[in-house]
Amino acid sequence: MPVDPRFHPVTGPHSLAVLAEAAGARAVGDAGRLLHGVAPLRSAGAGEVSFVDGRRNLEALRASKAGAVVLAETSLAALPEGAVALVSATPQLAFARVAALFHPAPAVAAGIHPSAVLAPDAELGEGCEVGPYAVIGAGAVLGARCVVGAHAVIGPGCRFGDDCRILASASVSHCVAGHRVTLHPGARVGQEGFGFAPTPQGRFVTLPQLGRVLLGDEVEVGANACIDRGTLDDTVIGDGTRIDNLVQIGHNVVTGRGCVLVSQVGISGSTVLGDYVTAAGQAGLAGHLKVGSRARIGAQAGVLTDIPEGMDVTGTPAIPLRDSLRASIHLRNIGARGGKSALAPSGPQRPDKTD
Amino acid sequence: MPVDPRFHPVTGPHSLAVLAEAAGARAVGDAGRLLHGVAPLRSAGAGEVSFVDGRRNLEALRASKAGAVVLAETSLAALPEGAVALVSATPQLAFARVAALFHPAPAVAAGIHPSAVLAPDAELGEGCEVGPYAVIGAGAVLGARCVVGAHAVIGPGCRFGDDCRILASASVSHCVAGHRVTLHPGARVGQEGFGFAPTPQGRFVTLPQLGRVLLGDEVEVGANACIDRGTLDDTVIGDGTRIDNLVQIGHNVVTGRGCVLVSQVGISGSTVLGDYVTAAGQAGLAGHLKVGSRARIGAQAGVLTDIPEGMDVTGTPAIPLRDSLRASIHLRNIGARGGKSALAPSGPQRPDKTD
Amino acid sequence: MPVDPRFHPVTGPHSLAVLAEAAGARAVGDAGRLLHGVAPLRSAGAGEVSFVDGRRNLEALRASKAGAVVLAETSLAALPEGAVALVSATPQLAFARVAALFHPAPAVAAGIHPSAVLAPDAELGEGCEVGPYAVIGAGAVLGARCVVGAHAVIGPGCRFGDDCRILASASVSHCVAGHRVTLHPGARVGQEGFGFAPTPQGRFVTLPQLGRVLLGDEVEVGANACIDRGTLDDTVIGDGTRIDNLVQIGHNVVTGRGCVLVSQVGISGSTVLGDYVTAAGQAGLAGHLKVGSRARIGAQAGVLTDIPEGMDVTGTPAIPLRDSLRASIHLRNIGARGGKSALAPSGPQRPDKTD
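Residue numbers (the numbering used here), protein chains in the order written: chain L, 1 to 355; chain U, 1001 to 1355; chain Z, 2001 to 2355.
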């Protein structure tokens, strides 16, 4: 079905030539063909652009009624008669640019809602948008064109670079962030970590949590996800890392750049991730571990030991993927008593960056 | 102990006859007996109504001092001397109606708090209650008798039917909802999903998330639960589906009617559930799966493959319940080296709709 | 690196003698030495205080350049030349007191922000601090020196003792709490539990949730954690219990004192915990269980049966730790086909109270 313009205003129509330029793709067919929007391959019509990524969708491509399709060179032969194409080595990325042309992200509406509470010494860069009931604390500093959503709370002393978004009902304290950082609704960044010690009488005494949270450029923190500040040193999230909804990051965790932490992942305190580590949904990592760059942690895995660079692990306790598959087959066979299981065989789900 | 009237104002007293009518139950004993409230079976007194559901509670029933008990016909023989009864084929449901008569849900207090921020073109049906600091965006439409709690944020263009509740600190955007929908405190509905693609240089580019969230009639979304909007098509939650606290629903998930997703469940993007699917606490479902109607997914299960209609599955990767029990017994025996385990044998927990 | 004074203002400098008194420790070396702050052992300089806890850090101690170290008697021999020491039987606790002297918790800034909405009959004890846009409902009662953060919502009739903190964007209803209770940002306490019953036609009817949440003295509820009120009786959290971020506590759960529930733990309704039960990250407990005092539940465990006092359990279904280790080794060997696994052997993570 077409994109709902009530929520996503549309621009255009645009010619195939214009789309090709935006997408960094090569137009195949009538470059003057006008397109009116984007839609999924199976429901798109003659005025709409779709995309296909990978060989498994060629059947869907042949059956599609889309007027234009973004695709790789190798899929071109399957393009239906009458459709035009945008050929790209990276179809998903090219399609994203087409979609963004039809539906540009809402412009930052510079201005401060009269109900927002800004400390007298808070500094906002040019062109910031601050929504109803946002609260910005003493000495906080925001760069240019930042968006602060309704009810967002930015604590004293926090610093954000340019083009950041602190969305509705998010709260952040004790934080220094780079550029183009996004905190999604309800994200909690900078609060006290879970640090306390027992007295001999069995009471718990909180250990002062005197660190901060450092967020690199382009970090995104998902809805209702939580990142605790450090105890003495900082909790550090590297450039480009993406954290999904309901993730928990404990105090003094450090990640490299480009890590992907899917929803409901939990990382215990002081664990260090290299670059481009991915953890699939609901995985859990114990504390004080080292996970090497490009390691991939499977969904629901329980990581209790250091992981070398580039290794795939799964299960609890997490073991190398190949070994885990043998163990799963063993258990499956025991369960089905040598007969066929009622479910298709499967392997553990690799973490996907996107659907 | 009696219900605290400071939080739950009480009406009455009510006669057994009145309760029987409210409950759709048959009175047994003096229909004029006055009852003053509800209480659990083990602590109820002569003026209070309890209920018993199922055979395992007959001992508790015999020992109870409750003045009146809602129960099934088959339990009547165990009713203590001096107590009266309300006989029903569905005791829990009948008791719910009795409880609601003593403690009616707070009436909607029609009115808009002066601090609420309503866009000029927002439309509210008759009798809506809008609390302090609620924010309702441009073009949003609410039906009659909706409750919007303190600090709730309803984004531009959202539409809700009649008798909806968007409770304290919840936020919703890009959403079209039916009647009698409830978003519990801190629920996050309609935000961007976790969709991005890597560039050849290793940066992540967000894919525009141009869908919506559609919530059917009587859908409930738990406290701090998250539902992401779709990428192109919508994320769809079918009529009557109940989603517990801290659940994550990824973009483009589709559920049928009457699904039950217990707390901390996670469903990855584009997975489709039929009707009346139940997933017990902390279960996780991979993306792009199909789960047939009336399937039951055990607590902490990791579903990595399609599930046929009506099947019970558990474990990670999830396998049919019967097979999983054999595998668990195998592991338990290895663990206990043939001796008795120190814990009682158990089976995986079936998802309960309620306690 | 030194603690960032923009977020954590510092007092001092303080002499070793003063620190010894604050810490309840014995000074070793020049009692007049001035110290300026705290830092981790590996990065501290001559003006800073660190601590070392346990034998595994003696190498780090010898290499440290810290001016002063809090340590146990047994570590004293490894203290570098030129450093002074604070000797304590409980080094972590003593160091916490030193840290708190340098960085006292922010004083409560008594006063009510003009934008806060207080019901006319809400009662606040002396010296309370109420932040922007906080909402305090009819008949609510707060003790002395309570802190209510920006956008916090305290529902009608709630009662809190002295020195409580209800932090930014938290919401609480139907709750009676003791002294020194903390709700961290986004915590959700007192909302309706997940209680409903199916009608014969397949619709769900909510069961009135007529209980409350009772929080004992010094209870802490983590960021975005959720505690549902009881159905008839109450949900009860015992004195000193600490609940980490994103934890789910179902209706009618009862805990004893001093329990520790690490992040993303889920406890289903009506389960009862004794005193000093610890559950590590992402553990899940089924409903209607009894867990004995001092039981320890491993990370990601799935508890489906009662647990005796003092037992360590892990796995799903949770079994005694010792048995689980044998089963894990069995699976590991199958997976690695008798060869060496590519990962170091590990045992399941015991729940730590702190990092």
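Errors might be hidden in some of the hints.
[Said to hold, decoys possible] Here are the simulated SDA-like cross-link-like pairs (lysine to any residue), alpha carbons at most 20 angstroms apart as the crow flies: (1) U:Lys1290 with U:Pro1320; (2) U:Lys1065 with Z:Asp2233; (3) U:Lys1290 with L:Asp275; (4) L:Lys65 with L:Ala77; (5) U:Lys1290 with L:Arg42; (6) L:Lys290 with Z:Asp2306; (7) L:Lys65 with L:Gln92; (8) L:Lys65 with L:Pro80; (9) L:Lys290 with L:Val272; (10) Z:Lys2065 with Z:Gly2054; (11) Z:Lys2290 with U:Arg1056; (12) Z:Lys2065 with Z:Arg2042; (13) Z:Lys2065 with Z:Ala2046; (14) L:Lys290 with Z:Pro2040; (15) L:Lys290 with L:Gly310; (16) L:Lys290 with L:Thr206; (17) U:Lys1290 with L:Asn57; (18) U:Lys1065 with U:Arg1042; (19) L:Lys290 with Z:Asp2233; (20) Z:Lys2065 with L:Asp233; (21) L:Lys290 with L:Glu309; (22) L:Lys65 with L:Gly54; (23) L:Lys65 with L:Leu34; (24) Z:Lys2290 with Z:Asp2306; (25) Z:Lys2290 with U:Lys1065; (26) L:Lys65 with U:Arg1042; (27) L:Lys65 with L:Val28; (28) L:Lys290 with L:Asp275; (29) L:Lys290 with L:Asp306; (30) L:Lys290 with Z:Asn2057; (31) Z:Lys2290 with Z:Gly2178; (32) Z:Lys2290 with U:Arg1042; (33) U:Lys1290 with L:Ala60; (34) U:Lys1290 with U:Leu1214; (35) L:Lys290 with Z:Arg2056; (36) U:Lys1290 with L:Ala77; (37) Z:Lys2290 with U:Pro1320; (38) Z:Lys2290 with Z:Asp2275; (39) U:Lys1290 with U:Val1236.
None of these hints come from the bench; they were simulated from the model.
Against the structure, the hints:
1. Only pairs whose Cα atoms come within 20 angstroms are accepted, and Lys1290 (chain U) paired with Pro1320 (chain U) is accepted, the gap being roughly 16 angstroms.
2. Only pairs whose Cα atoms come within 20 angstroms are accepted, and Lys1065 (chain U) paired with Asp2233 (chain Z) is accepted, the gap being roughly 16 angstroms.
3. Of the supplied pair hints, the one linking Lys1290 (chain U) and Asp275 (chain L) is violated, its CA atoms being roughly 34 angstroms apart against a limit of 20 angstroms.
4. Taken as a hint, the Lys65 (chain L) and Ala77 (chain L) pair is honoured in the structure, with Cα atoms around 16 angstroms apart against an allowance of 20 angstroms.
5. Proximity of Lys1290 (chain U) to Arg42 (chain L) is assessed by CA-CA distance (about 18 angstroms); at most 20 angstroms being required, the pair is judged to hold.
6. Restraint check for Lys290 (chain L) and Asp2306 (chain Z): not satisfied, since their Cα atoms lie roughly 35 angstroms apart, outside the 20 angstroms limit.
7. Restraint check: the Cα-Cα separation between Lys65 (chain L) and Gln92 (chain L) comes to about 19 angstroms, which is no more than 20 angstroms; the hinted pair holds.
8. A hinted pair counts as satisfied when its Cα atoms are at most 20 angstroms apart, and Lys65 (chain L) with Pro80 (chain L) qualifies at roughly 8 angstroms.
9. Taken as a hint, the Lys290 (chain L) and Val272 (chain L) pair is honoured in the structure, with Cα atoms around 5 angstroms apart against an allowance of 20 angstroms.
10. Restraint check for Lys2065 (chain Z) and Gly2054 (chain Z): the C-alpha separation of about 19 angstroms stays at or below 20 angstroms, so the hint holds.
11. The hinted pair formed by Lys2290 (chain Z) and Arg1056 (chain U) meets the criterion: a straight-line CA distance of about 18 angstroms does not exceed 20 angstroms.
12. In summary, the hint linking Lys2065 (chain Z) to Arg2042 (chain Z) is supported, as the alpha carbons are separated by about 8 angstroms, within the 20 angstroms threshold.
13. Note on Lys2065 (chain Z) and Ala2046 (chain Z): the hinted pairing holds, with a Cα-Cα distance of about 6 angstroms set against a maximum of 20 angstroms.
14. At most 20 angstroms may separate the alpha-carbon atoms for a hinted pair to count; Lys290 (chain L) and Pro2040 (chain Z) meet this at roughly 19 angstroms.
15. Restraint check for Lys290 (chain L) and Gly310 (chain L): the C-alpha separation of about 13 angstroms stays at or below 20 angstroms, so the hint holds.
16. Our distance criterion of 20 angstroms between C-alpha atoms is broken by Lys290 (chain L) and Thr206 (chain L), whose separation comes to about 26 angstroms.
17. Taking the CA atoms of Lys1290 (chain U) and Asn57 (chain L), the gap is about 18 angstroms. The hint holds against a cut of 20 angstroms.
18. In summary, the hint linking Lys1065 (chain U) to Arg1042 (chain U) is supported, as the alpha carbons are separated by about 8 angstroms, within the 20 angstroms threshold.
19. Distance restraint check for Lys290 (chain L) and Asp2233 (chain Z): the Cα-Cα separation of roughly 45 angstroms exceeds the 20 angstroms cut-off, and the hinted pair is therefore not satisfied.
20. For the suggested pair Lys2065 (chain Z) and Asp233 (chain L), the alpha carbons sit about 16 angstroms apart, so the restraint of at most 20 angstroms is met.
21. Taking the CA atoms of Lys290 (chain L) and Glu309 (chain L), the gap is near 10 angstroms; set against the 20 angstroms cutoff, the hint holds.
22. For the suggested pair Lys65 (chain L) and Gly54 (chain L), the alpha carbons sit about 18 angstroms apart, so the restraint of at most 20 angstroms is met.
23. Proximity of Lys65 (chain L) to Leu34 (chain L) is assessed by CA-CA distance (about 15 angstroms); at most 20 angstroms being required, the pair is judged to hold.
24. Taking the CA atoms of Lys2290 (chain Z) and Asp2306 (chain Z), the gap is about 5 angstroms. The hint holds against a cut of 20 angstroms.
25. Under the criterion of a C-alpha separation no larger than 20 angstroms, the hint pairing Lys2290 (chain Z) with Lys1065 (chain U) is inconsistent with the structure, at around 25 angstroms.
26. In summary, the hint linking Lys65 (chain L) to Arg1042 (chain U) is not supported, as the alpha carbons are separated by about 66 angstroms, beyond the 20 angstroms threshold.
27. Between the alpha carbons of Lys65 (chain L) and Val28 (chain L) the distance comes to roughly 16 angstroms, so the proposed pair stays at or under 20 angstroms and holds.
28. Straight-line distance between C-alpha atoms of Lys290 (chain L) and Asp275 (chain L) comes to about 12 angstroms, which keeps the hinted pair within the 20 angstroms bound.
29. Of the supplied pair hints, the one linking Lys290 (chain L) and Asp306 (chain L) holds, its CA atoms being roughly 5 angstroms apart against a limit of 20 angstroms.
30. Between Lys290 (chain L) and Asn2057 (chain Z) the CA atoms are separated by roughly 18 angstroms; this keeps the pair inside 20 angstroms, and the hint holds.
31. A threshold of 20 angstroms between alpha carbons decides the hint, and for Lys2290 (chain Z) with Gly2178 (chain Z) the separation of about 25 angstroms lies outside it, so the pair is violated.
32. Between Lys2290 (chain Z) and Arg1042 (chain U) the CA atoms are separated by roughly 18 angstroms; this keeps the pair inside 20 angstroms, and the hint holds.
33. With a C-alpha separation of about 18 angstroms, the suggested pair Lys1290 (chain U) and Ala60 (chain L) falls inside the 20 angstroms cut-off, and the hint holds.
34. Under the criterion of a C-alpha separation no larger than 20 angstroms, the hint pairing Lys1290 (chain U) with Leu1214 (chain U) is consistent with the structure, at around 19 angstroms.
35. A C-alpha spacing of about 18 angstroms is found between Lys290 (chain L) and Arg2056 (chain Z), which places the hinted pair at or below 20 angstroms, so the restraint holds.
36. The straight-line distance between the Cα atoms of Lys1290 (chain U) and Ala77 (chain L) is roughly 30 angstroms, outside the 20 angstroms bound, and the hint therefore fails.
37. With a CA separation close to 28 angstroms, the supplied pair Lys2290 (chain Z) and Pro1320 (chain U) exceeds the 20 angstroms bound.
38. Our distance criterion of 20 angstroms between C-alpha atoms is met by Lys2290 (chain Z) and Asp2275 (chain Z), whose separation comes to about 12 angstroms.
39. For the proposed pair Lys1290 (chain U) and Val1236 (chain U), the alpha carbon gap of about 14 angstroms is at most 20 angstroms, so the pair holds.
In this structure, the hints that do not hold are numbers 3, 6, 16, 19, 25, 26, 31, 36 and 37, in rising order.
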